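K.L.:
Below are the chains, spelled out letter by letter.
2 protein chains.
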Amino acid sequence: MKTVTFTAPVNIAVVKYWGKRDDKLILPLNSSLSATLDQDVMCAKTTVACSKEFKESSLWLNGKREDINSTRIQNVIKTIKKLALEKNPSNEIISWNVEIRSCNNFPTAAGLASSAAGFACLVSALANLYEIEGDLSEIARQGSGSACRSVLGGWVAWDKGTNSKDSIARQIADENHWPDMRVLIIVVNAGHKSTTSTGGMARSVETSRLLELRAKEIVPDMMRKMEKAILQKNFDEFAELTMRDSNQLHAICLDTYPPISYMNDTSRFIQYVVHSINDFHQTNKVAYTFDAGPNACLYLLEENAQLVTSLLCKSFQIGAEVFRGNEIPKLNENIDSLLMEKINNYWRKFDANDIQHCIYTKVGKGPSPTEDHIKSIK
Amino acid sequence: MKTVTFTAPVNIAVVKYWGKRDDKLILPLNSSLSATLDQDVMCAKTTVACSKEFKESSLWLNGKREDINSTRIQNVIKTIKKLALEKNPSNEIISWNVEIRSCNNFPTAAGLASSAAGFACLVSALANLYEIEGDLSEIARQGSGSACRSVLGGWVAWDKGTNSKDSIARQIADENHWPDMRVLIIVVNAGHKSTTSTGGMARSVETSRLLELRAKEIVPDMMRKMEKAILQKNFDEFAELTMRDSNQLHAICLDTYPPISYMNDTSRFIQYVVHSINDFHQTNKVAYTFDAGPNACLYLLEENAQLVTSLLCKSFQIGAEVFRGNEIPKLNENIDSLLMEKINNYWRKFDANDIQHCIYTKVGKGPSPTEDHIKSIK
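So the protein sequences, as listed, match chains D and Z.
Here full-length UniProt numbering is used: position 9 in the first sequence is 9, and no number is missing along the way.
Here full-length UniProt numbering is used: position 154 in the second sequence is 154, and no number is missing along the way.
Any given hint could be a false lead.
Copies of one chain are not kept apart here, so a pair can be met inside one copy or by any two copies together.
Only pairs whose alpha carbons sit at most 35 Å apart, straight line, appear in this in silico DSBU-like list of lysine-lysine [as the list claims (entries may be wrong)]: (1) 362 with 330; (2) 349 with 81; (3) 228 with 216; (4) 64 with 81; (5) 349 with 64; (6) 342 with 64; (7) 20 with 342; (8) 330 with 216.
The hints are simulated quantities; they were obtained by calculation from the structure and are not laboratory data.
Computed from a predicted structure; not experimentally measured.
From just these sequences and the hints, can you work out the full model?
P.N.:
This is how it looks when you write it as structure tokens:
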């Protein structure tokens, strides 16, 4: 029996992936870009064991047995076993059955893309098990598109490429490049399952003319600008690009037929709060981005974290108890009254019931073996 | 002293006008298409008087004095007076001061585009006063873009044209062409002023790349298809095109920076109810369209009016008392339980507080002199 355990991170895109040009290989319509988040706060953890004694292969997610024969899981396992056989045809463990146990240290029900972390973790663990080296993003991509970006740390581009071999992840800058960047995820109480991103994307590709135009005419330029803003650590520019790209994703969803609405009134209120802060300060202090659900993900610099979290808490009438994460900023009661008045003027009131919790985190590194795992190797 | 009184209709676009290519002349980025609504239910009524005795010109809207020197009002008055002088330079009444009194028989606060009816009415009354004939849509357009389409009855296209002379209204079919077409306007309780359509459009033109692509690549084909669907009275096709075009307008608003959200959770629930009805019946029974606010405007055939209104009433827990208009359908308690279950499964509940009232109406004719006015001529 051989066992390996890895953890892998979540990533939050600032240039969104939406739409496949090849459903089987999961080749995207456009390039995308994300930050990989700190695994101390959010990660998937996967243990893969293989043994001659296992009568069958099995998959367990968060303690519950799932179908290991699902197409995407099999895509990943088969591709890795094939590479392993090419490298070492006499490696007998490749023929053994596997037991995969994966869990997340954050609620999957929260609508936070857990499949990216999960597939990046599975691929990393399997590659380690079978001693495969080199790029893993091509394989992770075939499990879940955005998992492609979770195999690296820091700021990661997924270049659309021309085929499967070059539609892979590329690190733009590592996790230490922009050390004061922080990420605040606001998990919104929605009480409903959204359209899945896979289902939504397929419908957009089929019905939205604007998606085609976005992928062709808009994203290439957006990628160049975003990469530059990140490399130059230009927050003002980075924030505007991030918000514009998120809005465009949701515009495409609305242009889809029948339309898809991932954001709700609470999401839009958070948008309003963010624009109010930025307008008030005449420069971008914080940026929102929304994925396939109503949760907001805010990018902000540490120096503005107290301002932003304090204002959000006051806006939703919540306290520090809703925050999870490390080095959570202290709440400050001294909020400018003009800014607070602008927010109070919003057409609807929101309160603690509209928010589930907030996660405060930062940019982090890519998948890694756990300490237990490292110990067991030594 | 000479006095004329006209009434003019509201119109609801099914291919939306969004964005000007010339702000002064109000030339649109794209062609648009609407139905003119029955004046029995909703209209603007304008009396224009001119007299040698009037010391100054004045404007009264719904009984309140307003600035007659606003650019758009002056654009209209000056253009008409110029035409009148060209026709009959010795017509002394042209030099007299005017008193304009206009009112709507529906609440302006309801967020229903009243400026289209108002300017179509003003232009019609002034043209009659000064005995001008021929196309009036070019002049109305310079008061308010969508007023261009309110100068004609039935189904009206506003061709974008190449200059001011040919950016005018064209009747596709008159008000008798599709006699069983009905319109149900659901006035949603929003409690907030939206971004004005003028302000919103300007921001979209400046910041949304998708708007440029919509105007150039998508609307020309949409206009052809919509015109054909109307001429063929193909409701299924008409409904899909109408909903797609409305969704695209709001997609553009979201792609605008900062983003504009006219629809709220109530609007999206109405969208959901409409798609639920259509899915359930495997054909389009009703279409929604939304303008620069959260109110829904539904197009439907009379034979389906009972089904749709009954379901809406049950969904919002409202009764027949919220309806205004003529020949309001009787509510029917026998709603298919599967359909009702689907609607009850929506993630949020809505009730009577979310709705202000509903207006049931149909397609109608263009501006006309009032009976009082006709009597006074006889």
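K.L.:
When the structure is checked against the list of hints, which entries are broken? Sort them ascending.
P.N.:
Per hint list: 2 and 8 violated.
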